[in-house]
Structure formats: structure tokens, C-alpha cells
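Chemist: If you want the building blocks of each chain, they are given just below.
There are 2 protein chains.
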Amino acid sequence: MKKLFSAVLLLAAALAGAQTISSPDKNLSLTFALSAKGEPTYQLTYKNKPVIKTSKLGLDLKKEADMLEGFTVTGTKQASFDETWSPVWGEQKDIRNNYNELVVTIAQQAEKGRFINIRFRVFNDGLGFRYEFPEQPNLNYFVIKEEKTQFALAGDHKAFWLPGDYDTQEYSTVTSKLSEVRGKMKEAVTPNASQHPFSDTGLQTPLMMKSNDGLYINIHEAGLINYSCMSLNLDDKNMILESWLTPDAIGDKGYMQTTTQSPWRTVVVSDKATDILASKLILNLNEPTKYKDVSWIKPVKYVGVWWEMITGKSTWAYNDLTNVKLGELDYSKTKPNGKHAANNAHVREYIDFAAKHGFDAVLVEGWNEGWEDWFGKSKEYVFDFVTPYPDFDIKALNDYAHSKGVKIIMHHETSGAAANYERHMDKAYQLMNDYGYNAVKSGYVGDIIPRGEFHYSQSMINHYNYAITKAADYKIMVNAHEAVRPTGLSRTYPNLIGNEAARGTEYEAFGGNNADHTTILPFTRLMGGPMDYTPGIFQTKVSAYNPENNSFVHTTLVKQLALYVTMYSPLQMAADLPETYNKYLDAFQFIKDVAVDWDNSYILEAEPGDYITIARKAKGKDEWYVGAINDENARTAKITFEYLPKGKTYTATIYADGADAHYEKNPQSYTIKTIKVTSKTKLDQKLAPGGGCAISIK
Amino acid sequence: MKKLFSAVLLLAAALAGAQTISSPDKNLSLTFALSAKGEPTYQLTYKNKPVIKTSKLGLDLKKEADMLEGFTVTGTKQASFDETWSPVWGEQKDIRNNYNELVVTIAQQAEKGRFINIRFRVFNDGLGFRYEFPEQPNLNYFVIKEEKTQFALAGDHKAFWLPGDYDTQEYSTVTSKLSEVRGKMKEAVTPNASQHPFSDTGLQTPLMMKSNDGLYINIHEAGLINYSCMSLNLDDKNMILESWLTPDAIGDKGYMQTTTQSPWRTVVVSDKATDILASKLILNLNEPTKYKDVSWIKPVKYVGVWWEMITGKSTWAYNDLTNVKLGELDYSKTKPNGKHAANNAHVREYIDFAAKHGFDAVLVEGWNEGWEDWFGKSKEYVFDFVTPYPDFDIKALNDYAHSKGVKIIMHHETSGAAANYERHMDKAYQLMNDYGYNAVKSGYVGDIIPRGEFHYSQSMINHYNYAITKAADYKIMVNAHEAVRPTGLSRTYPNLIGNEAARGTEYEAFGGNNADHTTILPFTRLMGGPMDYTPGIFQTKVSAYNPENNSFVHTTLVKQLALYVTMYSPLQMAADLPETYNKYLDAFQFIKDVAVDWDNSYILEAEPGDYITIARKAKGKDEWYVGAINDENARTAKITFEYLPKGKTYTATIYADGADAHYEKNPQSYTIKTIKVTSKTKLDQKLAPGGGCAISIK
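Sequence lines, in order, name chains Y and L.
Residues in the first sequence are numbered consecutively from 1, following full-length UniProt numbering.
Residues in the second sequence are numbered consecutively from 1, following full-length UniProt numbering.
This is chain Y alone, in the form it adopts within the complex (with noise of 0.2 Å):
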């Protein structure tokens, strides 16, 4: 009893000064208060259950003394916000910012009174929070040698992971209680062509969880700018998640200058899984977009030269050489390996299909010179994004695309040598102004380049925003791989229309996703942002590209078709190659249907891991497209449909797997019928093993 009693006590006096608000519903509530010993703290509650327990604040500074304890609270402010905006594109047209919301200024008196704020904004769908750093007299320039920002968590959650790495995602997520994170992270770091894993219990962003008692709590960022990317490391002794930044060259975690914050911290919590997928939260904690004019950004499905190049069927590289320097070397004067896909005979067949099927665009990887010894020599001049190989004709190419209503979608792969990205940035987007290019494809594969910098540090954060703020003074859209995992920032720079930061569907043809992957990637990857994922993979078998390639995909070829709604992305790819989709016309079908924007979304069943339904509509259309995916477990999904609008009745369109079908055994069992559905239709629809279905509703 006496102990109990110290414990209330102790509990008092860590909330001093202790501010509350609630959640717009009132579910969520969010308590700030110091520590004895002037700690910044915050807990947060979804129907009185615990999500974050009493967690510490902070930041460590390198050469100052630290913002960690000593602080008093000399301001709070409390405020409520109600505003519904319009994405330039997205899984719905509109998308309510409700929050109420509470800054607390915090001082320390024992440095001369240098304050921070900290801004929390409670919605119905979680907690955003950051810190905010104004100009004042004693601080002005600072560095981050970490922040130290907690979340205690309230149990041994199940974890959706992947191993905290400064330089890659792409990682298979690892499914465990949070407990077993030490024991399994050694098998969990797998071979990545960068990476840089930092802790034995090191966890990346965004980080979906489930507790016992079945909440749902996805952590994450959002609004990441000027800052270096957040990792979070685990105390899996208290179940205490601590943010982990990625530091630049010489360790350091962040270079400050005030007025600055920091990018939001994020909570996504509820008691159905649906809601974490439906939540907008981190694209509301983004800035609106400044751009003025966004005519010219707009949602692309395409097709590419790049599986057949993925598969190991041809190569990026036009000849075999294995060193090249970039002008000295005549390419015209070297022999051709006859394995080259970006040439111009060929890339006229991917616009012919593009252009026969009503794609937007044709991606060409392997167009320009450098790819002989682009990969793993740390060479910083690898390419000069504007040369192409003298088998492929820019302007005649661009020109007959342009004919047929298809446009070229540039690549530019950086290995990873930023630096040398940047010196060509502005030649290489005025190339593609002046021949009429309206979308990049980026890469980063490899060590970063300035050496010693991470994919994730703080200067490589600020390059991507770079390229993407550049980019949109050319009027161009920008979908960058390897890049740093999205925070949201689609709001804020709509031109950045996709991005790659996990395993797409490239690991099919590496050895394989797991057959749950696309059931976790909404819950994880896709909080943040969509992703290109590129599906549309019908030729499962990619030894049939490549004998020596004995990698499968491991869905069947009905759930590649539901991928195309289950990943919501603005830029949308029909991966595999032409002569496999004329084999399958029917299935292609769906492919050149599904829209890719939407006036809603409607998330209908969803399990990390297990399965996911959700229904959406077509942007200004009377169309809708449902996609259903589950695991390698054979279920049956309940699809409803009363997002139709009432007392109409609809055609649907049903792909479904096959009877026998089986992402291993059978992935190319499917059928197609044709169905009538309206607003009260309740459809029991079997997933095959790794299986899925997709409809169109028109």
C-alpha cells in the first residue's frame, strides 16, 4: 500500500504543470507535463487504453549543453483547427485537417532562459508533435548530436519491422513481438547494395505495431526538411522506442539554425486496422503546397523498358566494357554486348503499346551512357543524364512518342553520386524541357557520394528536396528510388508523385517478396507516401525471361491486377513486358482500366499481414475499383459495395483467381465474369494462396 502510494505521489509530482487535450472525438487524449526534474514529457491515451506512456522529450547538442532537463514551462497555448483541402492528387479529393492542438514553451533558466516550443496536435486518427526552435539571443546555431524523443510503449506489441538502417528499406519486414526484434535482427539484415544497419534493436519508420489488447499504432514521421531521417532504436527491456537520426560524415545528427523545428513526430493509432490505412494525418501535418501553378502535374500509368533489364533478359549497359570514362570514351567505336533494351527499334515497340493501350508513358532505363561500371565503384562521375548510347535517338524517340500521345519518361540513376547529380541537375532537366520530357524516374543506388553520407543524412534529405523543388522549376514530376522513405511531403511538393524506399517488385525477380509484403506495405511504407511499386507482373516464372533466373513472384496473377488499388499510388506501372501481357489480354483489361486518382477510398477489410480490401473511385468518373490481396493463407474476402450510390445498379467486372490457383503452383489460374452489383451487394470472394481479386465497376 505504502508503495502504491509513493507511486501516486511520484506520478503527481511528474505532472506539474501537466496540460490535456483530447481528440476532436474525444478518444484520443495527450498530456504534456515536466518531470522533478524539469524533463519534458507527454503520454497519450485511445479510450483510456495507453498508446504512449509517460515518455521523455529532448535533445542532446553537441558543444551546448543539452535540451533535455532543467526546463520550465513559461507558455501554453491551446487551439483548435477544422479545415477540408483538396490534394492536387490522392486516394480522395478531399481530405479533412481536424486537430486540437497545444504548444508548450519550455525555458532553461540555466541557460540564460533558451527556450523551444513544442507543438502537439491531437486528431481523431492520432498524434503529431515536434519541436520547434524560434530565433532568440541564445540560440541561433546549433547541432544535434540526437534526439531523444521516447515512446514508452504500453506492452510487448507485435511488431511489422524492419532492421533501422542509415541507408536502405529495403529490407523483407520482419513480423515478431517486439521482444524477439535482438534475436531475429542478424537474420533480418539481409545483403542491400547500400547499408549501413546501426543497433541490434534498431527499427525503421514507419513502424506498425498491434497490441494484446488490439490497438493499432503506427509510428512514423512527417514533414521531413532540413533535418536528418528518423530511425528509432528499441529498449527491449522497457518496451521504450527512442528516436535514432542518422548522422552525416563526421557523426553529427543535425545542423540547426533557428527559426527551425523539427519534422513531426507521429502516432496513428485505433482499434481497426482500417482506420490506420484511411488516416490522412501525416499529409495533414505537411504544409500546403506553395506552387502556384499545378496544371502540369498529374497522375501516370506507363509501361518501361526496365523488367526485361530487372530479369537479367537484357542489360542497361550497351557494351561489356568494364571501364568507362565518361567522354573519352566513342561509344559509336565499341562493340555492342547485342543485349541492349534502350535502343530505338525496341523502344518504338514499347511506345506502339503504350499508345495501342492508352498508357500515359513509356519509362526508359539504360537510355544514356555510363552503365558498363556505374554500380560499386564509389565513381563519382558515372553519369552525365544528358548522352544518350548512340543506339538511342532522343529526339526521334521523343518525337514519335510524342505522335502517338506517349511521352518518355526520363531516368536518371545517380549511384548514389549526389554530388555529381547535382552539377548536372540543370542541364539534365533543361534536356528534358527541351525535348519535351514532363517526368523523372531517380535513382540512388549505392554509396552516397559526398563519401561518409548516408541515404538518410540531414544533406541528403535537403539534396532530394533539392531535386524536387528544382525539378518543379522545369515543370517536372519526380519519382525517386532509393531516396529517403516519404513523410507526406506529396502535400507540400505534389510534384513528387512516387518514390521506392522498400522492396518493390524488382525483389520478385531477386530471390522474391514475401507473399504477405503487400499486405504490410500500406500499414508501413505507403503511411508516409506512395510508392512505386511497379505490379503487373503476369509472367510469374521470370526463368521464362531469363533461364539462369530461377525467381518467381510470389502472388498470383490475379493479385498483381489488385495491387493496382491496394497500393494506391499517382503513378502506376504495368511492369511486365508486352509480349506477356498480348498473351493475356482479357487480365490486361483491368490493368488499362484502373484509375489511378481518386474522389475516394474505401478501406473495406484490412489485417497487416494477412489481408487487405479497399474500394475506390474513380476521379470524376462513375467507376470504381475494388482490389482484395491476402497472405500466402487461402481466405475469403468480404467485399461490400455500399459506397455505390444508392437504388443503381452497376457492372462489375470480377478478376478473380482460378479455383486452383496458387501464387507458387498455379499463379496464371484466373477468370473473369461480369456481375451486377449495387449499393447492398455483399460478395464472398475466395483469394487463392498469395491470390487476390480485382473488379471494375462501371
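Keep in mind the hints are simulated off the structure, nothing from the lab.
Bear in mind that the values here come from a model prediction, so they are computed numbers and not experimental data.
Any given hint could be a false lead.
Which copy is meant is left open, so a pair is good if it fits within one copy or across any two.
Cut-off 30 Å, straight-line C-alpha distance, at most; resulting in silico cross-link-like pairs (BS3-like, lysine-lysine) [stated by the list, open to error]: (1) K325 / K427; (2) K673 / K583; (3) K592 / K158; (4) K475 / K427; (5) K470 / K333; (6) K186 / K404; (7) K145 / K325; (8) K333 / K112; (9) K148 / K680; (10) K77 / K298; (11) K475 / K682; (12) K292 / K325; (13) K325 / K112.
Using the hints provided, position chain L relative to the given structure of chain Y.
Modeler: Positioned in the frame of chain Y, the structure of chain L alone reads:
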């Protein structure tokens, strides 16, 4: 006796496969040989005296096997070369490039026959050698851990040295025995805006030495391109200097792709100090320029809005804020500090002064936004290089200058943020083109960004050269301060018309340069190329401009004049304020008259640390200028005129120290007189302590 016998045997073994070549005049002899372990070695004699004793060559590689031993000679080639070429600008209009060459190909059988070439060129004035790495199956990409080139000296020489440092050359030269370096290092490492001394016996190049038997020996490098800067580390037990390259942020010292090569390692040697100053070996080892049009490259004599800021009389900054965000702060709404020098009215005064006295140009520093918090903050976006302060009308001032036949020299201080400079470089140079600037002074004060890189890292070497070549695209001449010390690259890139990379005149306002400073610099810093030393300070008491600054210039007024001749540069500033020159117009006449480009130069007397007397013939004119300087000890210079055309009489105007002149006590005492001279005239000219003499001959 037995011991001696062994030594001879060892020597014989060591010299297996020895190859010897001599200089054209036979004074120098270079021998290459492999040691018993297959280590490449070389030695150098001058008139049979050892200059470099048997010294090892080779490289430590990262990851791959070292290139240090296990070599066999697989080929040798000898050749002779004799050519005379004309620099775009220089100390003489024709330069003879005459050497004998030995190329040794050595292979490592243990490394699958991996081979390199070592190329030696022996000139009458010294030796140059380099490593060459041809493309080959087993050598494409490699990383240098350290270059292991040794210079085994024949004794404990007197040395004129700077502390070895990755980030600065701006130390006072220490004159001591090599054996005394270690004891003097701590005191020698004085504070600097950026510095990274690396060893207790580290030394910068150019390193000037004098042996007990009277040999003058200078070690440096030539043609520093895509390689890191070489310092030297002294083994002070054995008097062996070893190359010590500047690391990058992760400690690596060179990223190499074959075919490539190291810079030349140079040993200039003579028994006459004057020969060292006359040597053109380093220029000769550089490649001829590939610029097709060099008509836009012209020597420049200039004044500038600069010394008044250096002294503290006025400021670069427009206001007194300490936290500025470019593009966010509206300067026109801030309160000017009233001391901003680069304002329209004041710059016009400089333009008027320049025009009146026939100067080519006016440098203006502090013209652009960002100077309020430019230094020491590791601030990346510190300048944009295009946005002037509100009181600097870029168009009007350039128009005004051009109307008077004067150019404004652009100033690009980067604050070490090279990455930021590269982002803005194209626009910055374009702005210069738009307004008619044709020269830029760039600066790299402070720690480098990308963080972790040093001023002399390979990536920064590449940056400086990138800036030079990109400037050439815009027909812009470059004067780079705080960049790496030059290595003769102005032969290849003649738009590199100036560098700093040593303590210039500015240090006279920061406590003062040693009185012998400029008697050493031509033997050290200037060996690699001209320096923008900015002489011409007549008001030697800095307190006259800023009562709070008690520094004084450690020369007489006349020595300031003599520096225009002794410190060769195609870019010469009259650094003092117009108001001061107006008080000393008779002495100022010499600065107005003196040429900045030459048909020929004559080193009449020289001893490092003591005195230098040089005569030069103005390019294309029958005019000669003589400069004589000394250290803190009074001296009588022996000035001869045998370079004048025989049988003709000329009028010489002699600017001499007053009888009572003294660099500290009475610096402004001078006399001006006119005498007649012929080629036979000999003049014993008294130089005051810290004094000099300047003569113009017409």
C-alpha cells in the same frame, strides 16, 4: 672492413636492374632500382652530391594488395625532350622545357601481373616523377590508403617549413633544422579559421631546404588533378620525408580509375638559390592548355573595397543581425550598420580612383547578401552569389565602371560550403556574364561542407578545378583564396590567375607577418604559381584606420613597392585605401607604372629568409622593373643591369628606403631619385631593416 663489404654487396643487390639518367647538363643524376624485396627505389645526385638518397616508392591500397614490394621490372624506356613554349602570361614569354626521361614499368606477379609505370623526368633544375596506372584487366578501380613516396635526405637540412595541415597553409614559416621541427611544432600551429594539423613532424609543400654543403632543395608537386594534396611527414631520426595525402571524410586518400596517374613529385635543386627562383620545372611538368581561345585572359592590376574591412574600419555585412536566412530576410527593411563599405557611393569612389590612375579593375567584397552570419556556423546556404545588398546596384555600378574603362571584380566567398557554391555556380557565372564581370575572387574560409572533407581532400581538389574549368566556359578568370596551393596548373588552366594559400598581406592586420616572410614565399608558396599577395600598403599602422587594431605592416613603404616585382603575379592589387595613396602619389607612381606581365625575369640575388633582388622586363615594352627586399636586417643590395640592351642608356627611377627608414620605427621614410643606367651599371643600394628598393627603368 667486413661490414663495409656487406654494405657494398647489399648496395649491389639493391641496385639490381638499376637504370640511370642524367639531366641535359649532366649535373643531375637519377637512378631507379628495385630492392631485394622488389621495392621500387630512386636516388638523385647533383654534381655528385646526394640530394635524395635511396628512397622507396609505392602506395598502400585499401582493400587490395599494396603496391609496395614484390615488383619486377618488365620494361624501361628512355627519351629526351626539348621544347620552348609560351605561357599566356608569366615571368617570361618563352619557357624552355628540356629533360631526359625514364619510364620504368614494374609488375607484381603475385597480383596477377598488375603493373604500373613510374615516369622520371630529369631537368637541369631538378627532378619530376609520378606514378602512372594504365587500364588493365586487374587494375580498374582502386582506393589509395596512403602514398608511400619517400625523400630520404642527405642530412639535417635547414628548412623553411609550415606545419603539415589538411586545411590551411596560412601559418608563419618556421626556419629551423629539420631535427628541430618536432620541438617547434606546437608553437608553429597558430590558430586559423580552419585547420587540421596531422602530425608532430608534418610539413606542407612546397618545402624549401638548404643543406650544410650548400644545396638548395625544394620539394613540391606539379599537376594536382583528381588526387589529394600531398603533405610530407618527417622521420626525424633518419631524415626521411614521406608523402602524406589528405584524407576524405572517411579517411581514404584517393579514389582512382585507370588509366590515371598521380601528380608529379618534384625536387628542384641547385647550389645557387637564384636557380630555385628561376626554375620553371613545375610549370613544365603541367600539361599545355587545351583552351582554344585565350584572348580573354589578361593580367590585371586592381584596387578594391577590401583593406578597409580587413582592418576593421568598415564591414562586409550590411546590418548587425546575427541570424540571416537568405531569401527570407528582406534586407531593405533591416537597419543598416552604417559601416557597410560596398555601397554605391563608395564603390563609385573606388571606380573613379581606379580610372584616374589607370587600374584595370576594382574588387568589391561584401556586395552580396549573407555576410552577417557567414563564418563559423557551418551554414550551408550561406550565400547565393547573385543577390546584392540593397545599397549595391549591380547594374548601375558595372555600367559606371565600364563607362570609365574599369571592370568590377566579382567576389564569391563560399564560407567553405563548396556544395552550396556548386549549386549556384552556373547562375553566379551567368550573372557575371550578364553584367560584364570577367574575373572572380573566390574564397573558402572556414570548415568545408560537405562536412568531414578538408580543404585539400581529393573531392575539394576536384571542386577547385571544376570551378576553374566551368569559369572558363564563361570566359571568367579565377583568383581562388583558401583553395589548395597551386601546382603549376595555370599552364593548363591559364584563367587561374591567382591563388592565396599562404599568409597574405591581410595577416599584417591580424598581428603582422614576419619581416622575412616575403623573402621566403618565392621559395615556397610561389614555386607552384602566383599569389594574390595584395601588396601596396602605405599606411603601415593599421590603427590609422581602426583605433582598436594595433597591428602594423612589417615592412617599409618601399618594400611594399618592391613586392610588385619580387612577388610575381599576373594579378596585382594596390591594396591600400585611395585616401592614403592620394597622400603619397609620388611613391604610388611606381605601382601605377609597374607591369604585371613580363618578357623576361632576372633573379639577381636571393637567399631564402634573407633577401631577394629581381629584375623583370615588361612584356612588349622597353621597360624594366627591379625589386629588392630583405628581412629585418639592413643590407646592401647589389643591383646589376646586365639585362639591359648593351650600349643604350636608360632612365631609372629609384624608390629607396630613407636613410632612417625602419619597418617598425620609421616605415614611411623614402626617397625617389632618377639616375641614368646602362647594362654595365652596378648599384649598391642600401635596404633598411624590413626594407626594400624598387626601380623603374624606361
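Chemist: If a hint holds in the structure, say so; if it does not, say that too.
Modeler: Going down the list of hints, with the structure as the test:
no., hint, verdict
1, K325 / K427, "both (19 Å within a copy, 27 Å between copies)"
2, K673 / K583, "within (18 Å within a copy, 100 Å between copies)"
3, K592 / K158, "neither (38 Å within a copy, 82 Å between copies)"
4, K475 / K427, "both (14 Å within a copy, 19 Å between copies)"
5, K470 / K333, "between (36 Å within a copy, 28 Å between copies)"
6, K186 / K404, "neither (51 Å within a copy, 73 Å between copies)"
7, K145 / K325, "between (40 Å within a copy, 23 Å between copies)"
8, K333 / K112, "between (70 Å within a copy, 29 Å between copies)"
9, K148 / K680, "neither (51 Å within a copy, 81 Å between copies)"
10, K77 / K298, "neither (40 Å within a copy, 64 Å between copies)"
11, K475 / K682, "neither (45 Å within a copy, 74 Å between copies)"
12, K292 / K325, "between (42 Å within a copy, 23 Å between copies)"
13, K325 / K112, "between (57 Å within a copy, 24 Å between copies)"
In summary, the structure is inconsistent with hints 3, 6, 9, 10, 11 from the numbered list given earlier, while agreeing with the others.
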